[in-house]
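Top line first, the protein sequences correspond to chains A and U.
Position one of the first sequence corresponds to residue 0 (numbering that gives the first Met the number 0), numbered consecutively onward.
Position one of the second sequence corresponds to residue 0 (numbering that gives the first Met the number 0), numbered consecutively onward.
Some clues are possibly wrong.
Here chain U is said to cover these stretches of chain A; the calculated rule only asks that three of the stretch's residues, wherever they fall, bring their Cβ under 8 Å from a Cβ of chain U [unchecked claim]: (1) 35-42; (2) 45-57; (3) 67-74; (4) 80-89; (5) 182-193.
Think of the hints as simulated: they come from the structure by calculation, not from any bench.
Since this is a predicted model, take the numbers as computed values, not measurements.
Note that the Cβ used here is the ideal one computed from N, Cα and C, for glycine as well.
Take a look at the letters that make up each chain.
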Amino acid sequence: MAMHRHDGALMEGSPYAIPSRKLTMWLFLISDAVTFGAILFGYGYLRTASSDWPAPFKFNPSILNVIIMTFVLITSSLTMLGAVDSAKAGDKAKANRFLWSTILLGVIFAGLHIREWFALIDEGVRLFQNPWGSPLFGATFFSITGLHLLHVICGVVAIAVISRGFSRGSLTAGHVETTGLYWHFVDLVWMFVVPLIYLLNISR
Amino acid sequence: MTAPRKSGNVIAKYLPVYFVLLGIAGLEVFLAYQHFSTAALLVILLGLAICGGALAVMYFMHLAQERRSLFLTLIPATIFVLLMMNMFWSDSFRLLRMRPFPH
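Given only the sequences and the hints, what does the whole structure look like? Please build it.
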């Protein structure tokens, strides 16, 4: 009896007409969006409640660095779209070229991000102290940008694994598409991190 | 699994979205250097970020091409949860002005 119920469940089609792995990725991304939302709201709370919140980001190097990072990340979303399209068309060589372009752009982004971190650390910013004002600035800055950087690094590793599996034939275009969803989400989060963390705290 | 189809020029197809996203990012930086109050700048930048995020979700993540039921399942619930997080703002302003709760 239980077996019949199980079989029946297996035969039931997806109400969204998408593979279960894609739906799972969407659900993960929604939970991740709420996680980022919560920490950005937490940052907003602390920033509003602090009368001496630092505004340390000068145009050169910080904002200039952020402009380049944004360009790199949005471009990597475009190469990811190319990878998904080529993978669906069965063109493995082209898909891999796009995937490795995305990886390269992701690595450049991570490198620029780490350079930005080291520049701030050189200026005396630590998790719970900085030379300018509210000691919580470092905690929020490093945790929010750090969580995003962790997502970028995980994405780069995931794309490398997917690229290898897809070229060997053990993974399908569906896997490339699902990884692409994740990568675009990383891009999306950055669109909120830049104005809230950097542009609201520019040095005038 | 669907059969392989002919690869289209997807880069050219999504290039307008790409340029709009770059334009939004550039506009945000430009506006950040104008003389707005912090609250006004926050509203403007957040509005632009939401526009950029919506474009990325609908076109880069192809949510516009999925069944509407997927959109209706995911997006309103997410927006509702994010809106519910706004309830603590009055407390953050109380901390700024160092006023204790009235007895």
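Status of the hints after comparison with the structure:
1. Remark: the segment 35-42 of chain A is confirmed as covered by chain U, as 3 of its residues place a Cβ nearer than 8 Å to a Cβ of that chain, reaching the required three.
2. With a threshold of 8 Å between beta carbons, the proposed coverage of the segment 45-57 of chain A by chain U holds, since 5 of its residues qualify and at least three are required.
3. With 4 residues bearing a CB less than 8 Å from a CB of chain U, the segment 67-74 of chain A meets the requirement of three and the coverage assertion stands.
4. Counting residues of the segment 80-89 of chain A whose CB lies closer than 8 Å to any CB of chain U gives 8, which reaches the minimum of 3, so the coverage claim holds.
5. A count of 7 residues in the segment 182-193 of chain A with a Cβ less than 8 Å from any Cβ of chain U is obtained; the coverage claim is therefore met, three being the minimum.
In this structure, none of the earlier numbered hints is contradicted; all agree with it.
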